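With the hints as constraints, model all of the structure from the sequences given.
There are 2 protein chains.
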Amino acid sequence: MTEFRIINKEADGVARRGRISTPHGLIETPCFMPVGTKATVKGMTPKQLAEETASQIVLANTYHLFLRPGHELIKKLGGVHKFMGWDGPLLTDSGGFQVFSLSSLRRIEEGGVTFRSPLDGSRHQLSPESSIEIQEALGADIIMAFDECTPHPATYSEARDSLELTARWAQRSKASRKRDDNLLFGIIQGSTYPELRASSLEKTVAVGFDGYALGGLSVGEGQAAMYDVVEEFGPKLPELKPRYLMGVGTPEDLLVSVAAGLDMFDCVMPTRNARNGMYFTHQGPLTIKQARYREDSEPVDDVCDCYTCRNFSRAYLRHLFVSKEILSSVLATIHNLSFYNRLMADIRKALDKGRFQQFKHDFLAAYKA
Amino acid sequence: MTEFRIINKEADGVARRGRISTPHGLIETPCFMPVGTKATVKGMTPKQLAEETASQIVLANTYHLFLRPGHELIKKLGGVHKFMGWDGPLLTDSGGFQVFSLSSLRRIEEGGVTFRSPLDGSRHQLSPESSIEIQEALGADIIMAFDECTPHPATYSEARDSLELTARWAQRSKASRKRDDNLLFGIIQGSTYPELRASSLEKTVAVGFDGYALGGLSVGEGQAAMYDVVEEFGPKLPELKPRYLMGVGTPEDLLVSVAAGLDMFDCVMPTRNARNGMYFTHQGPLTIKQARYREDSEPVDDVCDCYTCRNFSRAYLRHLFVSKEILSSVLATIHNLSFYNRLMADIRKALDKGRFQQFKHDFLAAYKA
Numbered sequence: 566m567t568e569f570r571i572i573n574k575e576a577d578g579v580a581r582r583g584r585i586s587t588p589h590g591l592i593e594t595p596c597f598m599p600v601g602t603k604a605t606v607k608g609m610t611p612k613q614l615a616e617e618t619a620s621q622i623v624l625a626n627t628y629h630l631f632l633r634p635g636h637e638l639i640k641k642l643g644g645v646h647k648f649m650g651w652d653g654p655l656l657t658d659s660g661g662f663q664v665f666s667l668s669s670l671r672r673i674e675e676g677g678v679t680f681r682s683p684l685d686g687s688r689h690q691l692s693p694e695s696s697i698e699i700q701e702a703l704g705a706d707i708i709m710a711f712d713e714c715t716p717h718p719a720t721y722s723e724a725r726d727s728l729e730l731t732a733r734w735a736q737r738s739k740a741s742r743k744r745d746d747n748l749l750f751g752i753i754q755g756s757t758y759p760e761l762r763a764s765s766l767e768k769t770v771a772v773g774f775d776g777y778a779l780g781g782l783s784v785g786e787g788q789a790a791m792y793d794v795v796e797e798f799g800p801k802l803p804e805l806k807p808r809y810l811m812g813v814g815t816p817e818d819l820l821v822s823v824a825a826g827l828d829m830f831d832c833v834m835p836t837r838n839a840r841n842g843m844y845f846t847h848q849g850p851l852t853i854k855q856a857r858y859r860e861d862s863e864p865v866d867d868v869c870d871c872y873t874c875r876n877f878s879r880a881y882l883r884h885l886f887v888s889k890e891i892l893s894s895v896l897a898t899i900h901n902l903s904f905y906n907r908l909m910a911d912i913r914k915a916l917d918k919g920r921f922q923q924f925k926h927d928f929l930a931a932y933k934a
Numbered sequence: 566m567t568e569f570r571i572i573n574k575e576a577d578g579v580a581r582r583g584r585i586s587t588p589h590g591l592i593e594t595p596c597f598m599p600v601g602t603k604a605t606v607k608g609m610t611p612k613q614l615a616e617e618t619a620s621q622i623v624l625a626n627t628y629h630l631f632l633r634p635g636h637e638l639i640k641k642l643g644g645v646h647k648f649m650g651w652d653g654p655l656l657t658d659s660g661g662f663q664v665f666s667l668s669s670l671r672r673i674e675e676g677g678v679t680f681r682s683p684l685d686g687s688r689h690q691l692s693p694e695s696s697i698e699i700q701e702a703l704g705a706d707i708i709m710a711f712d713e714c715t716p717h718p719a720t721y722s723e724a725r726d727s728l729e730l731t732a733r734w735a736q737r738s739k740a741s742r743k744r745d746d747n748l749l750f751g752i753i754q755g756s757t758y759p760e761l762r763a764s765s766l767e768k769t770v771a772v773g774f775d776g777y778a779l780g781g782l783s784v785g786e787g788q789a790a791m792y793d794v795v796e797e798f799g800p801k802l803p804e805l806k807p808r809y810l811m812g813v814g815t816p817e818d819l820l821v822s823v824a825a826g827l828d829m830f831d832c833v834m835p836t837r838n839a840r841n842g843m844y845f846t847h848q849g850p851l852t853i854k855q856a857r858y859r860e861d862s863e864p865v866d867d868v869c870d871c872y873t874c875r876n877f878s879r880a881y882l883r884h885l886f887v888s889k890e891i892l893s894s895v896l897a898t899i900h901n902l903s904f905y906n907r908l909m910a911d912i913r914k915a916l917d918k919g920r921f922q923q924f925k926h927d928f929l930a931a932y933k934a
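Listed in order, the protein sequences are those of chains A and B.
One rule links them: number in the working numbering = place in the first sequence (from 1) + 565.
One rule links them: number in the working numbering = place in the second sequence (from 1) + 565.
Derived from the structure by calculation, the hints contain no laboratory data.
Nothing here was measured: the structure is a model prediction, and the numbers come from that model.
Where hints are given, some of them may not hold.
Pairs count within a copy or across copies, as identical chains cannot be separated in the list.
Subject to a maximum C-alpha distance of 30 Å in a straight line, what follows is the list of computed BS3-like cross-link-like pairs (lysine-lysine) [claimed, not checked]:
| # | residue 1 | residue 2 |
| --- | --- | --- |
| 1 | K641 | K889 |
| 2 | K914 | K801 |
| 3 | K647 | K743 |
| 4 | K801 | K925 |
Quick look at the structure:
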């Protein structure tokens, strides 16, 4: 059976050290989930992902895999784990966010969302029922209820209507579930209105899920507004279930959110920025194309023990980036995911030892965003 | 000390099984050398190159590294091995071929070749002296004399003038050598004229090198004309030195050339074709984007035990290719280099057991080019 266990809690806070059991293994929390949109974390072999970056779980995008190559094909080939050669835990999102941000001609109705594929213009519908059906065909360990990702900005009444639709879809998502070997998470919307977040939380918890996510953040509301929501509602999410902050964020965001009781995070930042030549370091981001690194024989981050930092100088990494070599993306991705996963491992260690606040303080003192 | 040893020879032919000692380790021959133009075999970490593809030696391009990031920088950073994180044997070409094929406004004179950088239009000269200086600064284990790669087609007198220039440059290349910890190879030109090939061979051997290469082939002369040169002159290259066929070729080319007594090969084909979605298999090339592979759960090559074939279906590899994912290039490169290196390992095994001709016959009977 799938389950969540809290191993340790802060004495004077709400941060927690936990463990999620899934059919494909354990996830130690707090954890970061690299984004593998099209059933591949860009540039990484599954072996590198596990061995070089210490990733525990991968996120894949329902919307993208539904459009290409199709969930039925993936099911026929044995599910997304087998398809992509990743046998660790895997989470799929509901497609809700992408259908709003990437499709044209979308029409939102009570039944679901009709949209056109950007690949070939073909017409499709995603609904709570079809999203769950697709996710169960893909066979992820953790699947998400189908939600409307409330855009930013949204008026109070738009945000209210949106969260109420999401709540009705949450019911239908749960009702349409056919497998019992996955965890189904509900998503809290409500934009930046505390009253609406509270309402969404209440309605979603009333449906009853295996975990709860804060959605609709990091969509343009700004860091302060996001922190307000995270700090107020992180601790209010059901304590005995995993808490997932969707699409976030920077190293600082992760520390602030762990401090607010969140357990799980995903973000394209470490992987996308890697391909743009941005390396995370304990002193802050480093833009490798800068001329100052041309002759620099040092590793990207002198406290990092990842494959990239053990073997390559900034000068070489800069050479690869300016030469537009594939290996630039590969080595930067190895480093950035190692950085994120080590940050989470350090957070877990600090929580185990009861010194999370000190770790957070020390990390942020060194890190210049 | 560097040296070449012949371990075994065909009883009824000229193919040989050998071993080259270099400062960075042994090379078992016959061998294939992946091309790492800009100090990276595109998409491969050095770890993958060694562990997943069983590559023994890498070729890097003097011309490219001279223009960017510059040999002086690489020397300052400890040499090209350290720069690119590859501590196995490494060969650099002379820059001769690239300066003719990639530069604009080149002017060939007795002293050397003047050309403009395609990167920034800056003016440079490559000469026998500067080519050797650059290669010794890079610090390769095997370096090449600076030659004029005779274009195809060339008239008899053009080819003659060209090989004579190359022979004078061979002298100067050897005279300008300063290190004694590398092998310096001479290059035989002469286009497709047997008399001129013989003349070039004689002049180059008279200079005296640690190994000899057949150059100026695979430049448009066609397979039959190339085989004529290889089959006539392969066996005539000095027997006790390594014999290197530059820029060749297909699996069939390698078998024919080994049969003609050649020991070393390099070609962009396995790596470049990989990025274009072409996989080598024991039955011939496979173009992964074809619709017939859409639902194909089989590995690319059912007799291959490489990382790609052990873990991924044709359907997944097709998905990666049509989705333009970086991992498509990575997995195809792992497979194609594994294929080439395994072919060479199988050739060596067959030579060890005295059944090379049988192996060659069986391989070509199954392989549809």
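Verification of the supplied hints:
Within a single copy, K641 and K889 get their C-alpha atoms only as close as 37 Å, which misses the 30 Å cut-off; across copies the closest is 23 Å, which meets it. Taking the shortest Cα distances, K914 and K801 sit within 30 Å of each other inside one copy (24 Å), while across copies they are farther apart (67 Å). Only within a single protomer do K647 and K743 lie at most 30 Å apart by alpha-carbon distance; the minimum there is 20 Å, versus 55 Å between protomers. Only within a single protomer do K801 and K925 lie at most 30 Å apart by alpha-carbon distance; the minimum there is 22 Å, versus 71 Å between protomers.
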